[in-house]
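> Each chain, written out:
Protein chains: 2
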Amino acid sequence: MLNLNLTDRSAQPSYMQLYTQIRDQIRSGGIPYGSRLPSVRSLMQQLSISKTTVESAYQILLAEGYAVSRPRSGLYVTNPFGVAKPAKSTAELLPTPKQPLQLQVFPADDCYRIDFRPSAVDEQLFPMRSWRKVLHEALDHSQGKINKYGDPQGEYAFRSVLAEYLRNSRGVVCVPEQIVVGTGIHYSVGILAKLFAAGIDHIAFEEPGFAPVREHFIQYGFQVSPIEVRDNGISLEGLENSGAQAVYITPSHQFPTGSVMPYPERERLLHWAQTRDAYIIEDDYDGEFRYFVKPLPSLQGLDRDGRVIYIGTFSKAFTPALRMNYLVLPLILIEKMRQVQYLFDGPSRIDQWAMQSFIEQGHWYRHIRRMRKTYGKKHHRFIELIRTHLGERVQITGHNAGLHVQLTVNTRQTSDVLVKLAAEEGVKIYDLQEMRMRPRPPGDPQIYLGFGGVHEKEMEEGIRLIKKSWEGLWNKEKERN
Amino acid sequence: MLNLNLTDRSAQPSYMQLYTQIRDQIRSGGIPYGSRLPSVRSLMQQLSISKTTVESAYQILLAEGYAVSRPRSGLYVTNPFGVAKPAKSTAELLPTPKQPLQLQVFPADDCYRIDFRPSAVDEQLFPMRSWRKVLHEALDHSQGKINKYGDPQGEYAFRSVLAEYLRNSRGVVCVPEQIVVGTGIHYSVGILAKLFAAGIDHIAFEEPGFAPVREHFIQYGFQVSPIEVRDNGISLEGLENSGAQAVYITPSHQFPTGSVMPYPERERLLHWAQTRDAYIIEDDYDGEFRYFVKPLPSLQGLDRDGRVIYIGTFSKAFTPALRMNYLVLPLILIEKMRQVQYLFDGPSRIDQWAMQSFIEQGHWYRHIRRMRKTYGKKHHRFIELIRTHLGERVQITGHNAGLHVQLTVNTRQTSDVLVKLAAEEGVKIYDLQEMRMRPRPPGDPQIYLGFGGVHEKEMEEGIRLIKKSWEGLWNKEKERN
Numbered sequence: 001m002l003n004l005n006l007t008d009r010s011a012q013p014s015y016m017q018l019y020t021q022i023r024d025q026i027r028s029g030g031i032p033y034g035s036r037l038p039s040v041r042s043l044m045q046q047l048s049i050s051k052t053t054v055e056s057a058y059q060i061l062l063a064e065g066y067a068v069s070r071p072r073s074g075l076y077v078t079n080p081f082g083v084a085k086p087a088k089s090t091a092e093l094l095p096t097p098k099q100p101l102q103l104q105v106f107p108a109d110d111c112y113r114i115d116f117r118p119s120a121v122d123e124q125l126f127p128m129r130s131w132r133k134v135l136h137e138a139l140d141h142s143q144g145k146i147n148k149y150g151d152p153q154g155e156y157a158f159r160s161v162l163a164e165y166l167r168n169s170r171g172v173v174c175v176p177e178q179i180v181v182g183t184g185i186h187y188s189v190g191i192l193a194k195l196f197a198a199g200i201d202h203i204a205f206e207e208p209g210f211a212p213v214r215e216h217f218i219q220y221g222f223q224v225s226p227i228e229v230r231d232n233g234i235s236l237e238g239l240e241n242s243g244a245q246a247v248y249i250t251p252s253h254q255f256p257t258g259s260v261m262p263y264p265e266r267e268r269l270l271h272w273a274q275t276r277d278a279y280i281i282e283d284d285y286d287g288e289f290r291y292f293v294k295p296l297p298s299l300q301g302l303d304r305d306g307r308v309i310y311i312g313t314f315s316k317a318f319t320p321a322l323r324m325n326y327l328v329l330p331l332i333l334i335e336k337m338r339q340v341q342y343l344f345d346g347p348s349r350i351d352q353w354a355m356q357s358f359i360e361q362g363h364w365y366r367h368i369r370r371m372r373k374t375y376g377k378k379h380h381r382f383i384e385l386i387r388t389h390l391g392e393r394v395q396i397t398g399h400n401a402g403l404h405v406q407l408t409v410n411t412r413q414t415s416d417v418l419v420k421l422a423a424e425e426g427v428k429i430y431d432l433q434e435m436r437m438r439p440r441p442p443g444d445p446q447i448y449l450g451f452g453g454v455h456e457k458e459m460e461e462g463i464r465l466i467k468k469s470w471e472g473l474w475n476k477e478k479e480r481n
Numbered sequence: 001m002l003n004l005n006l007t008d009r010s011a012q013p014s015y016m017q018l019y020t021q022i023r024d025q026i027r028s029g030g031i032p033y034g035s036r037l038p039s040v041r042s043l044m045q046q047l048s049i050s051k052t053t054v055e056s057a058y059q060i061l062l063a064e065g066y067a068v069s070r071p072r073s074g075l076y077v078t079n080p081f082g083v084a085k086p087a088k089s090t091a092e093l094l095p096t097p098k099q100p101l102q103l104q105v106f107p108a109d110d111c112y113r114i115d116f117r118p119s120a121v122d123e124q125l126f127p128m129r130s131w132r133k134v135l136h137e138a139l140d141h142s143q144g145k146i147n148k149y150g151d152p153q154g155e156y157a158f159r160s161v162l163a164e165y166l167r168n169s170r171g172v173v174c175v176p177e178q179i180v181v182g183t184g185i186h187y188s189v190g191i192l193a194k195l196f197a198a199g200i201d202h203i204a205f206e207e208p209g210f211a212p213v214r215e216h217f218i219q220y221g222f223q224v225s226p227i228e229v230r231d232n233g234i235s236l237e238g239l240e241n242s243g244a245q246a247v248y249i250t251p252s253h254q255f256p257t258g259s260v261m262p263y264p265e266r267e268r269l270l271h272w273a274q275t276r277d278a279y280i281i282e283d284d285y286d287g288e289f290r291y292f293v294k295p296l297p298s299l300q301g302l303d304r305d306g307r308v309i310y311i312g313t314f315s316k317a318f319t320p321a322l323r324m325n326y327l328v329l330p331l332i333l334i335e336k337m338r339q340v341q342y343l344f345d346g347p348s349r350i351d352q353w354a355m356q357s358f359i360e361q362g363h364w365y366r367h368i369r370r371m372r373k374t375y376g377k378k379h380h381r382f383i384e385l386i387r388t389h390l391g392e393r394v395q396i397t398g399h400n401a402g403l404h405v406q407l408t409v410n411t412r413q414t415s416d417v418l419v420k421l422a423a424e425e426g427v428k429i430y431d432l433q434e435m436r437m438r439p440r441p442p443g444d445p446q447i448y449l450g451f452g453g454v455h456e457k458e459m460e461e462g463i464r465l466i467k468k469s470w471e472g473l474w475n476k477e478k479e480r481n
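First to last, the protein sequences are chains A and B.
Reading the first sequence from the start, the letters are residues 1 to 481 in full-length UniProt numbering.
Reading the second sequence from the start, the letters are residues 1 to 481 in full-length UniProt numbering.
Hints in this document: simulated from the structure, not taken from any laboratory.
Even for Gly, the Cβ is constructed at its ideal location relative to N, Cα and C.
It is possible that some hints are incorrect.
Per label pair, the in silico range of CB-to-CB distance [as the list claims (entries may be wrong)]: (1) A:362 / B:416: 47 to 55 Å; (2) B:276 / A:9: 53 to 61 Å; (3) B:218 / A:420: 44 to 52 Å; (4) B:218 / A:444: 46 to 54 Å; (5) B:13 / A:129: 53 to 61 Å; (6) A:144 / B:423: 14 to 22 Å; (7) B:51 / A:275: 38 to 46 Å; (8) B:69 / A:274: 23 to 31 Å; (9) A:414 / B:168: 48 to 56 Å; (10) B:59 / A:368: 41 to 49 Å; (11) B:360 / A:132: 16 to 24 Å; (12) A:274 / B:370: 58 to 66 Å; (13) B:51 / A:132: 56 to 64 Å.
The calculated lysine to any residue pairs, modelled on SDA-like cross-linking and capped at a C-alpha distance of 20 Å, are [claimed, not checked]: (14) A:194 / B:218; (15) A:133 / B:137; (16) A:148 / B:123; (17) A:148 / B:456; (18) A:194 / B:223; (19) A:336 / A:278; (20) A:145 / B:30; (21) A:194 / B:343; (22) A:336 / B:29; (23) A:145 / B:130; (24) B:467 / B:397; (25) A:148 / B:428; (26) A:148 / B:118; (27) B:194 / A:220.
To give a feel for the contact side, a few chain A residues facing chain B, derived at Cβ under 10 Å [unchecked claim]: (28) 117; (29) 119; (30) 139; (31) 145; (32) 151; (33) 152; (34) 182; (35) 183; (36) 194; (37) 195; (38) 198; (39) 331; (40) 340.
Put together the whole structure using the sequences plus the hints.
Written out as structure tokens, the structure is:
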């Protein structure tokens with residue numbers, strides 16, 4: 001299915017809209033070179049448009065060279081590199097009709113006017129000047145190292161600095177040998193899958209929880225039990241009865257509900273792990289960001305039995321573009337890690353040297369303070385805007401921390417309808433249901449919104465547009481009552 | 001086992017040597033903080049030294065605070081971070097005696113005077129100035145991107161540039177959609193393991209071949225069949241009879257033997273893949289470096305049936321410190337790749353933007369020309385030195401390409417003895433047997449040497465020292481004849 005969206009409100013006729021959208025997706029790479037375009041008939045059905053509209057659009061694409069026609073096969077996107085194959089053309093190498101190459105395009109996020117994407121961070125806050133400086137210094141001091149592979153667990157000196165930072169900032173108690181520097185959460189999950197290979201095959205997961213990680217564990221063949229998240233974090237009764245040998249949690253700011261696990265529940269969770277010889281995977285993805293109280297120390301720091309595996313990242317507090325995170329293993333897993341470490345290729349050594357200096361020279365602490373202050377303000381403003389414009393029709397939960405909030409919306413509609421309505425106004429919001437493994441218990445629909453990557457101006461416009469998109473719904477429901 | 005090496009030739013007494021070596025390994029992180037030191041008895045046996053020697057060394061370590069003694073347990077390396085745990089100490093968290101934490105130290109490579117490591121590259125050749133420039137530019141143009149996750153297959157514009165380079169330079173025929181940017185060969189093998197998950201479970205592997213990749217496939221549960229490598233590359237008879245559904249090969253410069261697969265064998269290999277619906281994994285790790293003739297085009301470029309998976313890397317031609325490589329998939333695997341791409345975290349977006357400019361601006365081509373010239377000279381000199389000093393006692397194979405050569409040594413000794421003798425003179429050379437899955441067929445022992453990371457001066461010294469280390473052996477064998 002192509003991502004196409006024709007509208008009557010456009011000044012362009014439908015065939016021009018269709019042509020432009022397909023052309024732009026070919027140019028942007030959304031539609032791969034060499035792939036087959038949908039048949040005229042299927043586009044007619046998909047978009048409820050006339051044959052003439054589709055054929056006109058296709059004829060322009062052909063005329064301009066974006067596509068070529070192959071007899072008895074259809075239209076193919078041209079390969080501008082002009083690949084000359086001795087016997088078969090690239091197009092002929094495409095899967096046969098039995099296995100059609102689906103034109104599953106990249107999410108066309110650029111189409112949205114405002115995207116409340118929870119994973120985006122504030123562009124203005126990237127410490128451009130100091131990062132350039134430490135990158136330079138890293139290259140200055142690269143002699144004797146720039147031509148060699150590094151330690152597969154990560155640069156030792158970087159890990160030493162990281163261990164100290166984690167102790168000061170997040171109460172994580174570890175030595176450099178316990179740290180494994182990686183390229184992101186999936187890198188870390190890949191390692192855990194190897195470390196758990198013998199013995200642990202049943203993992204409990206927050207419901208709702210961070211779906212990509214859950215899917216990753218399922219892919220690796222683990223049995224995954226979803227456990228409901230309450231106001232105090234994951235249900236401990238549910239966990240205790242699940243029979244799982246490990247649990248993946250985000251106790252400092254649950255994703256996506258935003259709940260925080262208080263101290264007594266933390267101790268009870270640790271007790272569970274100790275008595276069952278189970279592991280707790282603590283994903284502290286945005287632990288740096290609490291706005292009104294001091295951040296809760298990590299579970300890892302409370303652990304007296306080496307049952308906690310801690311995961312931290314530079315994606316929130318620095319930038320997801322760098323692709324760098326870390327895993328802190330209990331001592332008991334270090335030897336096993338050494339056995340599997342050759343299966344992984346970590347991030348650039350140069351970036352690790354740079355990040356080491358960035359922390360050592362104090363840039364990191366300054367950066368975090370600055371981020372916390374800016375995000376604190378943005379967060380405050382965001383809550384204010386939601387209260388002002390959406391008022392009593394929504395309840396806000398999971399605030400006071402992190403870079404996203406959750407809304408429970410007072411309506412009889414489902415969350416996917418709310419998401420669609422907002423999308424029609426050009427605003428991308430996120431459906432909490434998508435982070436669930438099972439259907440949601442009855443109740444008002446829930447969505448979540450990130451504010452980290454949205455400018456203050458856009459923020460207000462976004463909330464106004466959401467209000468506009470839902471107003472009709474609310475008015476209709478009011479009339480019925 | 002600790003990496004310890006006492007010698008009579010030192011001016012220091014044995015206990016001082018022992019103390020110094022353990023201390024330095026603690027400092028360098030080779031021996032982890034909190035780990036248990038070997039018992040006095042086990043060190044006595046390992047090193048054939050007296051009880052007094054070990055006890056004296058241990059007492060200095062205790063006195064200087066590098067270790068602490070725990071009653072009925074032994075000596076533990078001190079944790080200088082002074083971790084204060086409420087109930088248990090870090091040392092008590094260590095595995096119980098039933099599962100001893102092995103002190104498997106990092107290879108103490110710095111102990112060698114000269115290391116003919118095949119994976120090292122020439123430090124002088126790193127294009128420091130132009131790399132700084134493109135890194136800067138990447139940050140200059142990062143607006144709108146620096147705060148977001150990128151495409152999990154790699155930055156699209158970078159892949160476009162890479163596709164063009166691969167076509168010009170290696171005859172690889174592909175579109176950007178086929179390219180997956182990764183952090184190294186293990187990243188790529190991890191992806192292949194996922195793509196092969198349904199249907200392909202039997203992989204043929206060059207014997208000898210690149211052992212870490214072989215082990216990786218075994219770890220993932222694949223059946224691996226070793227197929228002997230001949231002068232013309234992997235034995236095609238062996239492959240045809242193996243029943244394997246995929247083969248991993250290095251046809252342009254076989255690792256480690258250095259053999260090159262000629263054109264007719266390439267066509268026969270492709271025919272095998274086409275008739276069996278099998279995949280060929282072509283690892284073109286040093287395809288850029290041929291010194292006397294134009295590099296052979298890749299197998300991928302000859303492939304008319306989409307059976308070749310091509311792997312290239314920046315580790316040889318640029319630097320292994322960057323951690324960047326790429327995979328070129330056949331069109332038929334693209335859709336499957338899209339389904340598993342979320343399981344992987346690739347390299348830094350910033351580095352990808354920088355590398356894109358590096359190639360676009362022509363730096364890459366200049367860099368490759370410069371490298372080829374320098375390595376060509378070094379290679380010539382290296383062969384000359386081997387011929388001069390080791391003469392007719394060795395046969396050189398696998399030259400004219402890449403960054404390593406293979407030596408067949410005329411002796412009745414085994415290759416591990418040759419490696420040990422060289423090590424005693426401070427020279428690290430590599431045992432070909434270690435790249436084999438099965439014992440070697442009878443014949444003279446074989447070793448291999450990399451020259452990429454060795455300065456010209458060291459090269460001569462290294463070869464002289466190897467000669468010195470083997471001379472006694474050769475003289476003894478001569479006397480006996």
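> The hint names residue 182 of chain A as touching chain B; please verify it with the least Cβ-Cβ distance against 10 Å.
holds (7 Å)
> If you take the shortest Cβ to Cβ gap from residue 152 of chain A to chain B, is it below 10 Å?
holds (9 Å)
> Under the criterion that the straight-line Cα-Cα distance not exceed 20 Å, is the pair residue 194 of chain A, residue 223 of chain B satisfied?
Roughly 18 Å between the alpha carbons, so the hint for residue 194 of chain A and residue 223 of chain B holds.
> Identify whether the interface hint at residue 139 of chain A stands, where standing means a beta carbon of chain B within less than 10 Å of its own.
holds (6 Å)
> Can you tell me whether the CB distance of residue 274 of chain A to residue 370 of chain B sits inside 58 to 66 Å?
holds (59 Å)
> Please work out if residue 336 of chain A and residue 29 of chain B have their alpha carbons no farther apart than 20 Å.
Between residue 336 of chain A and residue 29 of chain B the Cα gap is close to 17 Å, so the pair holds against 20 Å.
> Are residue 148 of chain A and residue 428 of chain B close enough, with their CA atoms no more than 20 Å apart?
holds (15 Å)
> Does 38 to 46 Å hold as the CB distance between residue 51 of chain B and residue 275 of chain A, or does it fail?
holds (43 Å)
> Taking 20 Å as the top limit, are the C-alpha atoms of residue 148 of chain A and residue 118 of chain B close enough?
Judged against 20 Å, a Cα distance of about 10 Å means the pair holds.
> Given the hinted pair residue 336 of chain A and residue 278 of chain A, is their Cα-Cα distance within 20 Å?
Holds: residue 336 of chain A and residue 278 of chain A sit about 17 Å apart, inside 20 Å.
> Could you say whether the range 53 to 61 Å given as a hint is met by the Cβ separation of residue 13 of chain B and residue 129 of chain A?
Given about 54 Å between the Cβ atoms, the range holds.
> Is 46 to 54 Å a correct range for the gap between the Cβ atoms of residue 218 of chain B and residue 444 of chain A?
holds (52 Å)
Hints 37 and 38 from the earlier list are contradicted by this structure; the remaining hints agree with it.
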